Every structure is written in C-alpha cells, then in structure tokens.
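Protein chains: 2
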Amino acid sequence: MNVKLRNSFLESFFNPSSVVVIGASNSPFNLGATICKCLHEYTGYPHPVYAVNRKGEEVSGCPGFASVRDIPGSVDLAVIITPAAVVPQFVRDCGEKGIRNIIIESAGFSEQGAEGKKLQAEISDAVRRHGMHVMGPNCLGVLDNHAKFCCFYGAYKEIVDVFTKAGSVSYIIQSGGVGVVILESIMDDIVGLNKMVSIGNKSDVDEADLIDYFSHDNTSVIAMYLENVANGGKLMEAAQRSRKPILAFKSGRTEEGTAAALSHTAGMANNDAVFDSACRQAGIIRLKSISELHSMPKMLTEMPLMTGNRVAVFTNSGAFGSITADLLVPAGLKMPRLEDATRERLGRIGGVFNINNPVDIGPAPPQTYLDIFEVLLGAGEVDGLLLASSIWRDFIIDVMKELVKMCKQYHKPAAIYTPNSVTRILSARRQHGLPLFESPEEAVRALAVSHEQFRYRRRKEELHGADH
Amino acid sequence: MNVKLRNSFLESFFNPSSVVVIGASNSPFNLGATICKCLHEYTGYPHPVYAVNRKGEEVSGCPGFASVRDIPGSVDLAVIITPAAVVPQFVRDCGEKGIRNIIIESAGFSEQGAEGKKLQAEISDAVRRHGMHVMGPNCLGVLDNHAKFCCFYGAYKEIVDVFTKAGSVSYIIQSGGVGVVILESIMDDIVGLNKMVSIGNKSDVDEADLIDYFSHDNTSVIAMYLENVANGGKLMEAAQRSRKPILAFKSGRTEEGTAAALSHTAGMANNDAVFDSACRQAGIIRLKSISELHSMPKMLTEMPLMTGNRVAVFTNSGAFGSITADLLVPAGLKMPRLEDATRERLGRIGGVFNINNPVDIGPAPPQTYLDIFEVLLGAGEVDGLLLASSIWRDFIIDVMKELVKMCKQYHKPAAIYTPNSVTRILSARRQHGLPLFESPEEAVRALAVSHEQFRYRRRKEELHGADH
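So the protein lines, in turn, are chains A and B.
The first sequence begins at 1 in the numbering used here and counts up by one.
The second sequence begins at 1 in the numbering used here and counts up by one.
Rather than coming from a laboratory, the hints here were simulated on the basis of the structure.
A quick note: this is a predicted structure, and the numbers were derived from the prediction, not measured.
Check before you lean on any hint, since a few could be wrong.
[Claimed, not checked] In silico lysine-lysine, DSS-like type, Cα no more than 27 Å apart, as pairs:
hint, chain 1, residue 1, chain 2, residue 2
1, A, 288, B, 288
2, A, 405, A, 244
3, B, 460, B, 234
4, A, 401, B, 157
5, A, 408, A, 334
6, B, 118, B, 148
7, B, 334, B, 165
8, B, 288, A, 334
9, A, 157, B, 401
10, B, 288, B, 460
11, A, 288, B, 460
[Claimed, not checked] Sample of chain B residues lacking proximity to chain A, with all beta carbon distances greater than 10 Å (derived):
hint, residue
12, 42
13, 83
14, 426
Every residue gets a Cβ at the ideal spot worked out from N, C-alpha and C, and that includes glycine.
The shape of chain A in the complex, shown without the other chains:
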C-alpha cells in the first residue's frame, strides 16, 4: 500500500485552492467571521474565501452566499461552524456541491450525549455517501504556515504572529487550548511551526492518518497532544512506518484525568499502561509535560541524535554539576568516569577546577571553553554533553554558537542550560538563535529524548531498511 498516495486527500485540507466558511456572518461575536478575517487580513492566504450565511452577505471582505450551491465554480474545502443541529444539512449540501473535504468546528456531537451521537451518525452517513473526508467535529481545524492557511476560529493577533516564522515542526492536537499554548510558546523558541491540526472528535481523519501524511511532507518533527486513541493498531502501524521523531503527550494518565478528558472530547478511555507500552513498541516518544511539546523539538532539529547514553556535564557553577548529576541517572542516562587520557587532556587546558565528570571551571576566557568542548566531544567514553554555563559575559554566547557547530562536526549533541532567569534565557535564545533550555530538568530530558529517538530510528531501520 502506498502511504503517500493514500493520504494525498489531506493536501486539500492544508493548502486548499478555495474555501467556504459556512456559518460566517456579520452578527456580533460570530465565530465564522473570525476565520474570514484571519484569512483575509492576517495570514495573506492567496486563494478565494467565501462565506455562507442566511442573508448571503459578505463577511470581512469574503463574498457571501445563502447556500454553498450558489457559489460559482468548484470549492476545495468547506469549514462548518454553525450550531450542531444544522450541521448534517450543510454536510449534505457540500456533498451535492461536490466539495470533498470538510472541517466541522462546531461542538455538540459525540462528546455531548445521545442527541449529539445521533447527529454525528447522520454526518458520517452523508460523508460516506458522497465519498467525502471530514476533520472534527469539535475542533479548530488546520493551520499551514507555508500555505498561509488558518481556519482556527477566534485566532487573535498574537497567535497569527506565528505566520512570521515558518518552520518544520508539525502538531496534531486534540484541544484548542493546548494549541494556543504551543503557538504562543513557539514564538519564544527557535523552532518554527510547519502545520498544526486540531482533530477534535476525529470522526474520520485521525492522528494515524496525519502521522502518515507528515511522514512524507516537509515536516521534521511530529508532535501530538492526545486525550484518547481511536484506533491503537492504526496509530502503531503509522508510527512504525515513520522515520521522523514522533513526540506524544497524552492526558488521562490517571483515573481522574481520564474522567476529565472524557467530558472534553469524545472517546474511549484508554488504559494508560497499554498506551505507554504501545508507544515504546511503535517508536513514539512519550512526553512528560505539555511544555515538552514546544521545548523538545529543537533538540531534534538543531543537534545530532545521541547514539549512546553517556553524558559529560560541563559547568561554570559547581552547584549545577551536582544538580544535573542528580537528574541524569533517573532520566536513564549515565555519567561516565572520564578516561585517564581525557582527564590528562583536560588537565593540560588550565583553569579547570575539576577534571572529573562533571567538569567544573571558574571564570575563564572563551578559549578554555572551546578547548574543553573539543576534549569532551572527542572522548570515546562521551556520547553527549550537558553544558550548564551561566551567561556572565557576552562571549559566552559566542562560545555556545561555536559549540552548536562543533556538535555537528563530532556528531554528538549538547543540551545547553544557562543558570539564569527565564527572561534572560528567552532573550538570549531569541536574539541569538541558540537551542537553550529553560531548566536543568529540561536540558537533561532533551538528552534522554535525543537518545530515545536514536534507538527508535535504528530499530525501524533494522526492521524496514534505512531508505524506506
């Protein structure tokens, strides 16, 4: 089966040649209107956008019609954002108009009792009859940074800022609230967004379809927020086929969290231990906090993968040698004893307080840092570096830039944490494009994630061949 072909229909969801927003009107607080406004005023989307509302009126510069059937010519994608009760009729209208792709953003379906389930069944029926594909219901839809397309309702200016920085990380999310955190946070970081899909109740298109799709587009890292898994087997197969890093945060790890998730998006309760083991089998990196969705990708895009689990710590603040050492072992990593030859080389550099691991220096000139990087990255007993160096002089920034280059030369990663305030870290990261982490915990975690992805990729290559 050709995966690329199978999901090619998704192309029209991300980069449609024309869109109709059904339910967009000029009534106060109308949500559909925010989509018209976003496409027309914020993103620079270059294709036709139509509005459908009772009066057939224009909305935010988008021509209006009383029915999709009145729109001249063909329409590539329909976005429906109306009360749930009238959605099935609009879906049937779309089918008759020949629209093959629909995003239903309205809520009030299988996540809301028997009446909602009945409406959702009606929709599925129409969708099958007309051979359509559906995203949602109960979702935000799609954002494609390169295609300048976004149909998230209520998208405000700060969120649309994300269009100023396109990148290669694609997100599959089962909650708009999580999407907002990611969109805002990615602007604080050095990676850029490629695509984001809010899948909602996933009555048709689900996370597995999207993994297949992102495995063959311009995505470098796939990241997911899930509240439940519709089809575990399908998800595992899609993940196993993919060579790209797949990161997943799933809520519902506890009984309390599962109960809360069920009231939010429709779905079956999934046994968390089963999900955990499925992730390990399928090569999905399971994230430990929601912030890892935006903080971890840079380790995978900016640094080589870590081929082993032996980490050398290098710090200019003794305390952080001890603090990070405490974190490494529980994270599944090791702090190797440095070989005599390595220690000798460190000793010759001068100004090194401690030539053991963690390597600890006092105030030192830039060359001391570079010399130590070279010794540690060159050491056979070291697979990766953890640098915990506070920004006490401006040259530290240049030293860190040099480290990023050296990591590529030595094919070993470094996770960099600067023991400073978050404000100072964020400012240095943005200003200098450095992959800085915000806490020692995050830096250690990034090394663990890097090594986990290395192991998964190697296993997949062994199973399926390197050039699959």
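Since the structure of chain A is provided, determine the placement of chain B on it from the hints.
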C-alpha cells in the same frame, strides 16, 4: 535558651555599621574591588566602607589602608577576599583590631584537600581565641535588601536590580551560582527578597543558625539550597522551633550528584533518605527543583494555607482540566466529587460546560467566573482551587485579581496557571502583581506545598503552643 539573643550577633553580618573589604585593590580583575563598587555605587549602603590592600590605596571611593589596624575607630564587619594562604594572618589582624564578625569569601580551604584543611584549622583557632564569628570560607557572603548591604563579589548591574524591590523572602544558599538564578528570577516574580546568605564551607555560621535568626526577623518565608548538612540534629532543632515556612532544595540525591557536590563545597556525604525523613520530622518542605526556590514562596505569602487536600479545578480550556487532574493525585492531593448542592449552584450560573470537578466553561463574561469562584470557594468539600484559565481577554486579569481577594475572605488558596506562553505569563505577573505560575506542574505543586506547610505548622503548634 533564648534563641533571639543567641543569634543576635548575626545582626552585624546583615546590617553592619561599618565594613572593611580586605583584599580590595585597584589591580585589574580584582574581586574585592567589585564589592567596594557595589556598596558605594549600586546599593546605597549608608555606612563607612574601607579597603585594605598592600598599597593602602582608595578603591571605588572607599578609603584604603595597608592594614586593618590603621583604620581609625572600630569596624563592625570584615570581608576577606584574598588568596587562601594569607587569610589566617588577616583573621588574626581582625581579632587584634577588635572586629568580631568576618566573612571569608576566598576559596581553597577544606573543599581543596589537606593543605586547605590546615589553613581552615588555623582560621578556626584564631576565631576561637578572639571570640569572633565567621561566615564561609568559600562563599559570597551576605545581601540585605532592607539594609542596602551586599558583599557578593562580582555582583553585576542586573543582580543589583534586586535592590529596587525589597520583600520578605530570605535565602540560605550553599552556592553562588544558585544565588544568581534566584536573584535574577525573583525580579521576574511578584515576591521580593529580604536577605540572602551564601554559607559556603560553613566553618562556623551554618544553616541552622540562620534559620533561628530568620525565624525572628522580618522574614516570611525561609528558603535554602544545600549541598550537605553539617549538623543534622542542630538543623532539625532550629526547624522545629520555627513557625515560618522553611523550603529546602538539596542536591546530592543520587550517588553521582553527591560525588559532584563533594568536589564543590566541603562536607560530609549525607544519606539522602535520612535527609528526607529529617525534613518531614522537622517540618521542612523539601523542594523538587531549583526553580521552586523562587516560584513557591509567592504561594505562601499571597495566599492562605490550604487546610485540607481537596482541590477543585476550574478551567476555560477542557484539556487543562484533564492535564491538571493527572497531576493532582500523584502530588498527594485529591479531586473531590462535588456535592449535589454545589453542582446545583453551578448549574444555575449558566454557561458552564461541566458542573463536575474539573469545572469547565467556554468563552464567558467576567461575572460567570466570579460566580463560580464563589460557589467553589464556599463549598465545604473544597479546600483550595486550581484555576487554569488562559488570558484571552483583558478582563481575565481583573477576574484573577478578584480571586486573590476572595481567597483571603474564604481562607482558601488558589493556584493560578494561565495556559499561555511563559513570556505572556511573566508579563501579566509583573504588570499586575498576580501570583501566576508558569506551568500546570508548578501550580499543582504550589497547592501541595501550601498544604504541607499547613500540616507542619499545625503540628508545631500542637507540640509547642501557638504563640511560641
């Protein structure tokens, strides 16, 4: 034994009536000079500062002398920052001059082998003979925000900014690097610094002495970073005597971390499990990450303590209901089922998606938030609130301000997390003085810390009487 009297000598370390910096000179990169400069130019310290150096020259506006014995009149505090080898002689000079309080910032003592231990013994001998008190060696000394006193060497402008915002949180730290992170980070937060002491090798004054002192001064929260404990029994007794919250982060939880700590500051390896149980017995809240040193105090200064462990979650983003629910139980807290009467009251408000715990609403006007706060804070089955509400409209800020007031009325705390980027959270926190947390993990942890302190305080009151 009168604790207040016993440690009254510490007053002169924080608010000395005159200071001499021994080792401050005009040589390039001289560290002592940075202390003179800091006191003379940055902090506005109003008392005499002298410099002692070979040439007897003035340093950064501070009169210079070749020996402490040449300084006219008495001197309250000496700060010694010279090579280790000459420190014992300067200590003896101070003794003869009648200086009773000394801070030794120089490194190279018991943390550095046999020769260093011998020097430290020489110092201890002189100190005993002259009846002096010593902080350090191998430390940064003292910062008192209210007294405008700071003898941290190398204090740069950004750090000295902390003098623009005095507060009530006092820190005992065993590492300058951790001190820098705290000083920078506290400027991002709403609490202010009272005092900070870097205790280094703690040859004389230790964390227990300082806990006793801070238990009777204008401190509201005592927070510590420790790499080892010199005298466990003394620390436990001091903590047991104190009614104030005592927060401690200790490195050396693992074998690797302990080894690293030993090479940094001198001390015995302490069994971590023993330390953990000592904290529980003595009523010390053990922190889980270095960032909790600056993020947790606001929960204790801005909110009532949580008298039970039952938390109601209230969110305007369904996902965060599930995400926080997952975190509450592992943190030792409970998500109670809301009583029928509570659910009825919530149902009457209108616009509530979910009247169970977590309570979940969509876009709603401010009054809806206030009505829900009132119902939840008024419910007998709820001990505290976790609000996870993204800042989607400006009125959310006003709603949060109102919540802080209502918490005081109801004697129940709320931990507030806004699902937004850290930049946006920090900006709202600074601008509006709100106790906002930066992640759902941090907010849940704050509730757990609040309840832990409630239990410790109650136990101490039962043991020693409420007005001790």
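Take a quick look at whether residue 288(B) and residue 460(B) sit within 27 Å of each other, Cα to Cα.
Since the Cα atoms of residue 288(B) and residue 460(B) sit roughly 23 Å apart, the hinted pair holds (cutoff 27 Å).
Quick one, are residue 288(A) and residue 288(B) close enough, alpha carbons at most 27 Å?
holds, 16 Å
Check the hint pairing residue 401(A) with residue 157(B) against an upper bound of 27 Å on the C-alpha distance.
holds, 25 Å
Check whether the Cα positions of residue 118(B) and residue 148(B) lie no farther apart than 27 Å.
violated, 35 Å
Hint consistency between residue 460(B) and residue 234(B) [alpha-carbon to alpha-carbon, up to 27 Å]:
holds, 17 Å
Sort out whether residue 401(B) lies within 27 Å of residue 157(A), counting only the CA atoms.
At roughly 25 Å apart (the allowed maximum being 27 Å), residue 401(B) and residue 157(A) satisfy the hint.
Quickly compare the C-alpha distance for residue 405(A) and residue 244(A) to 27 Å and report which way the hint goes.
Within the cut-off at roughly 23 Å; holds.
Would the hint linking residue 288(A) and residue 460(B) be met if the CA-CA limit is 27 Å?
Roughly 36 Å separates the two Cα atoms, so the pair is violated.
At 10 Å, judged by beta carbons, does residue 426(B) keep clear of chain A as stated?
violated, 6 Å
Per the stated criterion, does the least C-beta distance between residue 83(B) and chain A lie above 10 Å, as a non-interface residue requires?
holds, 14 Å
Given the hinted pair residue 334(B) and residue 165(B), is their Cα-Cα distance within 27 Å?
violated, 36 Å
Would the pair residue 408(A) and residue 334(A) pass a check requiring their Cα atoms to be no farther apart than 27 Å?
holds, 22 Å
Checked against the numbered hints given earlier, this structure breaks hints 6, 7, 11, 14; the rest are met.
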